[in-house]
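Participant: Below are the chains, spelled out letter by letter.
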Amino acid sequence: MGKHQIGIREAASLGIIFLITKIFLPFPRSMVDIGGTAGWLIVLIAILLCPLTWWGIRGVITSANSGASLITATEEIMGPFFGSLINFSYFCLFFMVTFIVLRTFSDMIVTDILPRTPIEIVLLALLIPTALIARSGIEVLGRIAWLTVGIIILSLIVLLVGALMTYADPKALTPIWGTGKSHIIKMGIIKSSLFSELLAFGFIVPRIRNKNDRSKAVWWCLVISSVFLLSSVITYQYVFPYPTGTRINNPLLEVSRIIIAGRWIQRVESIFLIIWLLCTILKLSVGLYCSAATISQMLHLPKDKILIFPLSILIYYLALLPKNQMITVNLDSNIIRTYGSIISIILPMLTWFVGGLRKKWGQNM
Amino acid sequence: MGAEYVTKFPRILANVLIVLLSLPILTGCWDRQDPENMAFVIAIGVDPGPKNNYLFTFAIAVPKLLGAGGQSSDAMNKSIVVHTVEGSNIVSAILASQSFVARKITLTHAKAFVLGENIAKKGIMPVLSEVVRSQEFRRSFYVMTTHGNAETYIKNIKPTTETDISLWFELELDPKNVGSMLPYNSRFHNFINDMEKPGTGAVTIETAYRPDISKGKAHLSQGEGESEERQPIIGEQNAGNVRRTGEVPVEFLGSAVYKADKLIGFLNGDETKIYSMLRDEYLRTAWDFQDPANKELNLTIDMKAQKRAVMKVKRKKNKIKVNFSIAMEGDLISVQSNTDYTKSKNRKKLEQSIEKNLKSDSMKLLDKTIHKWQVDCFHINNQVKSTFSTLKEWEDYKWKKHVKDIDYHVDVKFYMRGHGDQVGPALIGDVLKK
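Chains as they are written, first to last, in my numbering: chain W, 1 to 365; chain S, 1 to 434.
Accuracy of the hints is not assured; some may be wrong.
[To be verified] Cross-link-like lysine-lysine pairs, in silico, DSS-like; alpha carbons within 25 Å at most:
#1 S:262 with S:372
#2 S:316 with W:181
#3 S:8 with W:305
#4 W:171 with S:314
#5 S:372 with S:359
#6 S:8 with W:171
#7 W:171 with S:401
#8 S:259 with S:356
#9 S:392 with W:186
#10 W:171 with S:312
#11 W:181 with S:314
#12 S:364 with S:307
#13 S:304 with S:359
#14 S:356 with S:307
Hints listed in this document are in silico derivations from the structure and should not be mistaken for laboratory results.
One chain only, chain S, in its complex shape (with noise of 0.2 Å):
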């Protein structure tokens, strides 16, 4: 047993010396971080800055204090600080931006990168390679394009109803909440993956300041050139117009399309439904369209897609066919007019008229992106590589000098499916049939 002991003693040793040699090297105090050092980023926006350089405004989550009853009910209400810093890249901006802020500054919680219009028609190319090779980035922040200035828009983000800023983000992007108004893959990983591909347009969150509302001069009054006795469809609006009047100064509807890395336009709330429809991202939303009994009114469906969007792509010589087949269905959940729409005959009125209004939307969008701004945000241009056999023959093609004279066809099916929880419309009871 002794002499055991003894030669197994010089194996123990070791292994002790080795357990305690390692023990200094595993502590990991080179990258020590603690929370409560760290400021938060949760929000980053860009606008060209005076000097061929950038203005980068930053938006940091305020901890909230336990047991900090006593302050200043201002103090505690905020939940994000804004400062703007001039600089040539991000990461200038933030060693700029310790001068003053105590905390280790962090992008690892960013939830949106906002570009300001001017630099998004400018060209935006040059601050995302520096965003793609930044370890604290992750892909999948938002990314968003706002009308007027970033920097102006980050300072109203004033949520009323949330505390935590990164949740009340997450809530107002939330596919379940927003539906196809927003598009649906706008994270950074998709915007750069789109923007790397030549021809293919990049889309972005459209969102937007309303200064009025700031100021609490917003009116109701309806736009210009606008029927008085047509009631206005919801989706027709854009960010920074939606009729309202409230507290939160800052809204999120359409989207932003780019060709290459500069803005090109933005798509309203019904063109981003269509975008999403005929990309096969559609998701359940309430849709407006005009009764086909009575113009004057709408009424709404609830509208989502009954199969799978199918984009066929042809190529013959240099000639691109694109046919979309869509088959959507939805529950009819709003009508104002006495039509019953579960009657057979009132029923086909209304899909017919539903579809006609998807299939001239359609070729609307596609007419507005593909033949006048020469983009091809339907990743037709994946099809299209698909026919050649090596990327040196599709590189050759120059996809870019052919996306204008894409001919394409939509084919739109709508299918009624229910009518919500009543059988025909409710009526006052002096109307009533027998």
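In isolation and in its complexed conformation, chain W is listed as follows (with noise of 0.2 Å):
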């Protein structure tokens, strides 16, 4: 039986949706925080980097054998012994996406929503659809993704012209370089990670297939997930001005809870709630059928869904560990979205570098 395929929209769908929900986690917030009046800026510089992330999975790609994923090609290249070291690293980097994401959206649910239900109920709500989506594979993850895509770019649009509808400060942007120049660029640089879970490609481009089609799902993810984080970042600043956006807790909740249309349209957070709730299972199921997936390619498992219920529950208790919702935040902001980069940019780059090595001394000799 051959490995499951999916096509370009399903590809981009996917990546779309594991790059874009951290929008309606504190990723905003975070943004105004470091940026100030100029958070924007920075989310503008790590989209002008996003594509060297890409650059470098489809240069390890294309210097191994056909149809090797980025976990196989890097072990092609780099050796079993480097290879496995860097494979280790994207299996982190998966994995704590995986369980920090779980934490803070269970969080943002017990603080706002649900504030009598044990977290570790609403972790268990979220996690058993993960995992039994992640476990269908690629194929079925994809067609979700293709299906559900369309509502939430739909309902991202409506939130964000609601809101902007409601109450806008036309001066919000400014002063333009915020919290310094060379701040923002360094910190542009540093928040590239932004894009780190774009190495997801690195799973599903070997699965399109067609081979000519990869390169466009890549862009056309991309493309739009850099507008909806972007618009997502400047309508925030908009609706929650510096120095007032540096304080919520859950940004796009809260900037959802204020939109009024008149005395008939207001409260209606719920029904976004529903498609945020579908967008971060499906998150969640990507970042677990990724982990799975490099761990059982690098232990060379002839299957990944075995790997899906132990990494469930391995996700669980680590998504436990925090002793409050700062603490996850903090790990997300000043870990995976500070160091990402060089899992997600250097590595691939390195590797890609070496690969190119390779085949000049191949070629020579």
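Make one complex out of these two single chains by using the hints.
Facilitator: Take a look at the structure:
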């Protein structure tokens, strides 16, 4: 039986959902916290740098044998020892993203929506469908992503436009350089790790049926995700101008709560919450699938499926470890979104470079 | 077929098991909320307490009982029940309230946050910092400042035309009904955003309780020091002194201005209209002016903005120059003198008179807020900060210190568009000239 295959639309949808789900979490606030009125500029710089991740992944995959994934290609190029080290760092990234997103989203639900429900129950309620979807494989994941991406994007457009129609501070983005020009540029480079999730394309791309569509899927994903990441931060800054914007716990939830269009259209956040829930479960599923796929390919296991449930249990316990919400938020901001680009940009680039050198030496010999 | 069933069986069993395990998790029993077990707070009032704490007054909506025809009319007519609790914060006051309110008190449907004059003058940030933190409060409720105590005010909310208290608040504060006699952006989100910015004057709705109306002793005599000949202008009144009788003993008119977190003063109805006009928030509202042909009489214009108000700010070194360009238009909907304002000469005279009025009232308001109170209610700071390139430069500039030195200028244009359904004044037959 051949491996599951997906099309360009499914691949792009998977990437979009995996990348943009962070906007429902404290991501917009952390940008304003770092950049002040120039929080959006940090995202813009990160957007300009994000193709580096894709070029690195593409370089690694094309340097190895045909049909190789990022993991198998890395091992092929770097050898079993260094290859496994690099692959393990990819696993750590996917795994951390998954349990941190699970905990952060659960915290959001417990803080604002279901304050009396124990967090353990919320974690389980999210993790069970996540594990089921991840276990079904990339084809099912891709189909669900393609079916839901439209409604997710539509809900985002309605949310952002609705919020701006309710309240917008016209000069919210000034002073233009916020916390300082050099600081913004530096943080923009560091926060290129906002696109670390692009590493998932290391698994998705080899599964795209038509080889010619591979780059197309990634570029569609990059463009759409960039537009929504940037517009969500800009909208947040307009609705909650600096310094208020540095203090909002759940930024987009609060944005949705202020939407009022006359006496009849208000309290609309419940509609958005259902869609965010869907989006988060899909993100968690992609993260869990990539974690399982990384480990199974590292260990040369025949199937990814068998690792899904053990990893889910591990994710559940790791998600329970942070003592409070701010620890989880800081883990994401200070570790994944600070050092993530080392894993998502530098390691693939390095592997690609080594692959190139090995090819060159191979030809010379 | 049989073999296929056997291989699929564990998968089906696993799926059924997962669904069964998920069911108890998905019931959501922990956060079950039955509306019939909840007490919805519609208005919250805050006054200073006796021991460095606060007096919180809660107006709880009385649920409409179906088929309660046999009950006393007094109980049926009540739309809210009010109680006051002393406490250091809202949560502890709610907890204390639960000792005598059987239903679970919730703030999720709160419509109004009423600040008593005394607490407003003392400083309200400690209370607001709890409001922004609470998951129950929505940033969409109205903030209002009452003359006197919030407790007395809330106890006297007695709507006569509405049984639904929530709808009563919505209708009372609906911009389509009140126009720009109340500040347009007076929800909590606007209020806290302005308060958190340096030097910005946050504004709330002004409201008041009328004991004379409540006791049936209101009289319609003129105010002190007012001319007997001149017709009073409605917009020159504030909440609490509207010339009227009636039943509802509370009224909303004008706005309350805050400097940092302390109340600094009130703006009457006309000042609130000017404030809205300068902030480009003016809504179609009837506006009384002195009739240029007869100073003792008023005429009324149904006024709206012709173009968006433009505020241009220039910063030269430390000096700020602000120029407001306003273009208004309106229909003459009431005139009592015999002057025919449809005639070009008269129309021009009227337009010039209104322009002069609007300009002088604008300058008076700017003098009052910027020079006298030293608050920036017009978001001038927004444009000034855009002249800086970093937040540090802007913060070092210390905007608050520069507010009093702002130099401002107002250009107002007014165009009379229509004159209602009649061309020329209504005249007694004997007066009619050929």
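Participant: Please name the hints from earlier in the document that this structure breaks, with their numbers sorted from lowest to highest.
Facilitator: 6, 8
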